[in-house]
Amino acid sequence: MVKDTLTGLKVRHAMRKQLIMLDPVDSIDCAIQYLIKYKINAILVGKDSEKPLGVVSKTDIMGAWYSGLSLSTPVEMIMNSPPLFCGPDDTLDSALDTMKANKVYRLYALEPGSNTIDGVLAYPDIVGLLYHYCSNCNQGIFNKSDEMVQDRVKRYKVHEIMTKQVESCKEDTLLESVVEILWGSRFGAILVSDDKNYPKGVISKTDVTFCYRHGDDMTVTAGKIMSSPVALCYEHDPVEKAIKSMILKDLHRIFVIPKKHAAVSGVISLTDAARLRSGSCHACISSRIRVDDD
Amino acid sequence: MKTTAKDVMVTRFKTLNPDSPITKALEIFKSSKLDGKTIFGIMVIDKDGSIVGMLSMYDILLFLLPKHVKIWGNISDIEIEGIIERATAKLKNYFVGDIMTPKIISVTPDTHLMMVLDIMMKKHVRRLPVISNGEAVGMVYISDLFKHFIERV
Numbered sequence: 006m007v008k009d010t011l012t013g014l015k016v017r018h019a020m021r022k023q024l025i026m027l028d029p030v031d032s033i034d035c036a037i038q039y040l041i042k043y044k045i046n047a048i049l050v051g052k053d054s055e056k057p058l059g060v061v062s063k064t065d066i067m068g069a070w071y072s073g074l075s076l077s078t079p080v081e082m083i084m085n086s087p088p089l090f091c092g093p094d095d096t097l098d099s100a101l102d103t104m105k106a107n108k109v110y111r112l113y114a115l116e117p118g119s120n121t122i123d124g125v126l127a128y129p130d131i132v133g134l135l136y137h138y139c140s141n142c143n144q145g146i147f148n149k150s151d152e153m154v155q156d157r158v159k160r161y162k163v164h165e166i167m168t169k170q171v172e173s174c175k176e177d178t179l180l181e182s183v184v185e186i187l188w189g190s191r192f193g194a195i196l197v198s199d200d201k202n203y204p205k206g207v208i209s210k211t212d213v214t215f216c217y218r219h220g221d222d223m224t225v226t227a228g229k230i231m232s233s234p235v236a237l238c239y240e241h242d243p244v245e246k247a248i249k250s251m252i253l254k255d256l257h258r259i260f261v262i263p264k265k266h267a268a269v270s271g272v273i274s275l276t277d278a279a280r281l282r283s284g285s286c287h288a289c290i291s292s293r294i295r296v297d298d299d
Numbered sequence: 042m043k044t045t046a047k048d049v050m051v052t053r054f055k056t057l058n059p060d061s062p063i064t065k066a067l068e069i070f071k072s073s074k075l076d077g078k079t080i081f082g083i084m085v086i087d088k089d090g091s092i093v094g095m096l097s098m099y100d101i102l103l104f105l106l107p108k109h110v111k112i113w114g115n116i117s118d119i120e121i122e123g124i125i126e127r128a129t130a131k132l133k134n135y136f137v138g139d140i141m142t143p144k145i146i147s148v149t150p151d152t153h154l155m156m157v158l159d160i161m162m163k164k165h166v167r168r169l170p171v172i173s174n175g176e177a178v179g180m181v182y183i184s185d186l187f188k189h190f191i192e193r194v
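So the protein lines, in turn, are chains A and B.
For the first sequence, this note's numbering begins at 6 and goes up steadily by one.
For the second sequence, this note's numbering begins at 42 and goes up steadily by one.
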């Protein structure tokens, strides 16, 4: 068995305890309000003190809008059921394997033998744990003051784990097409670029649900709703630096350029960083490192 | 003897529309005092006069809280400059209905004060709208409830 930095750690060490649950008859509008307010990507659906019935994600909400459903539609009509559970004492490694095998981005920790949800585990929570690990390690990049010592440590660079295929559109692309692209990709956001592929803005699933709630229609153009400027990092930045940037800018992903004023060459997300399952440098003995490919 | 919500509720209160920009709510929070009380929570009423939510100081602070703040404790060199400005600037793009609490707990004018107290304690709320026939008629504040009880000690 290959060990990695997370070996031996349990779900309860990384999960968040703040849990929100919607009633099955609550509206999509209500779901969007909670997703915005709590800055989460999905929300549990169920009745108090009963085992949760399903999950509604931003992707489901985007699909509801695309299908022409009204904001007053009950969430039970669009939820994914049942939710995927893990135990608070399951290992993080097994939880990550479950997430990968089922292509989901979060698991709900269910107290064994009961209907009580203890917490939720998502990729950014695992990154938090890894970041904590690195920040306490004397080889961590931000603990180094001596440049010579720092140079001897081989660090994971952004280009090693970034995704090279970046979905993009132009400023005059209609929102309807943006939704179709987002629907078909595993990414939570699409890049808006100019003719030379220089980054102009970003449209996330959050932006799309926001438009739905505000009564926009699908003929609005990408340029009108995109967020700009685009948060960027360099291909050769250490992964730890990119993670820090995402954390401080409250982002889930950051686009990658090879050099200043160049076209975007990739995107790195907290999910990618979590899948690394290691601290961000090769200072861990090599047998403990495993890069988890898709 | 005062025993129900109507006996301690205030009947003068501010309201907001869900379609109002959040900046309008902030103006009220910044400047308003009603009957000597600083306002920390405002009822949100739709065009039909029905209460659709509540916007409180907590809702706004929760929105300002960065998503990954749990990890911040591990970052020793956070560049503070601009972080608060970025968070507060985001607020300006939102409407009251976006971040209000939509599922509110309310009482009626005839709800017994012990029931009001029980709800406040269990649900950790400091104010409860008082609704009669679908219309907001008052607000019970925990401070008024407290004063009401200690006067009887």
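In case anyone wonders, no lab produced these hints; they're calculated from the structure.
Do not rely on the hints blindly, as some may be mistaken.
To be verified - Derived pair list, reagent style DSS-like, types lysine-lysine, alpha-carbon separation capped at 30 Å: (1) B:K163 x A:K22; (2) A:K246 x A:K44; (3) B:K188 x A:K44; (4) A:K105 x A:K22; (5) B:K88 x A:K42; (6) A:K105 x A:K201; (7) A:K159 x A:K201; (8) A:K254 x B:K88; (9) A:K44 x B:K47; (10) B:K65 x A:K254; (11) A:K56 x B:K108; (12) A:K15 x A:K162; (13) A:K159 x B:K111; (14) A:K229 x B:K108; (15) B:K164 x A:K229.
Stated by the list, open to error - A few chain B residues that don't get close to chain A, going by computed Cβ distances all over 10 Å: (16) L103; (17) K108; (18) I124; (19) R127; (20) D139; (21) I140.
Virtual Cβ for every residue (Gly too), placed ideally from N, Cα, C.
These are the hints, each one checked on the structure:
For the hint pairing K163 of chain B with K22 of chain A, the CA-to-CA distance comes to about 19 Å; that is within 30 Å, so the pair holds. For the hint pairing K246 of chain A with K44 of chain A, the CA-to-CA distance comes to about 23 Å; that is within 30 Å, so the pair holds. For the hint linking K188 of chain B to K44 of chain A, the alpha-carbon distance of about 37 Å lies beyond 30 Å, and the restraint is violated. Note on K105 of chain A and K22 of chain A: the hinted pairing holds, with a Cα-Cα distance of about 22 Å set against a maximum of 30 Å.
Distance check on the hinted pair: K88 of chain B and K42 of chain A sit about 23 Å apart at the alpha-carbon level, within 30 Å; holds. For the proposed pair K105 of chain A and K201 of chain A, the alpha carbon gap of about 35 Å is over 30 Å, so the pair is violated. Annotation: proposed proximity of K159 of chain A to K201 of chain A is violated, straight-line Cα distance about 34 Å (limit 30 Å). Our distance criterion of 30 Å between C-alpha atoms is broken by K254 of chain A and K88 of chain B, whose separation comes to about 37 Å.
A C-alpha spacing of about 37 Å is found between K44 of chain A and K47 of chain B, which places the hinted pair above 30 Å, so the restraint is violated. For the proposed pair K65 of chain B and K254 of chain A, the alpha carbon gap of about 26 Å is at most 30 Å, so the pair holds. For the given pair, K56 of chain A sits about 27 Å from K108 of chain B by alpha-carbon distance, which is consistent with the 30 Å threshold. About 27 Å separates the Cα atoms of K15 of chain A and K162 of chain A, which keeps this hinted pair within 30 Å; it holds.
Note on K159 of chain A and K111 of chain B: the hinted pairing holds, with a Cα-Cα distance of about 28 Å set against a maximum of 30 Å. A distance of roughly 25 Å separates the Cα atoms of K229 of chain A and K108 of chain B; the hinted pair therefore holds under the 30 Å criterion. With a C-alpha separation of about 41 Å, the suggested pairing of K164 of chain B with K229 of chain A is violated against the 30 Å cut-off. With a closest Cβ-Cβ approach of about 6 Å to chain A, L103 of chain B is found to fall inside the 10 Å limit, against its non-interface label.
Consistency note on K108 of chain B: stated as away from chain A, yet its beta-carbon is not over 10 Å from all of that chain's, at 4 Å minimum. Distance check for I124 of chain B against chain A: the nearest CB is about 7 Å away, which does not clear 10 Å, and the non-interface claim fails. Remark: the non-interface label on R127 of chain B conflicts with the geometry, its nearest Cβ contact in chain A lying 8 Å away (cut-off 10 Å). A beta-carbon of chain A comes within 10 Å of the beta-carbon of D139 of chain B; the shortest separation is about 6 Å.
Not every Cβ of chain A is farther than 10 Å from the Cβ of I140 of chain B; the closest lies at roughly 5 Å, contradicting the non-interface assignment.
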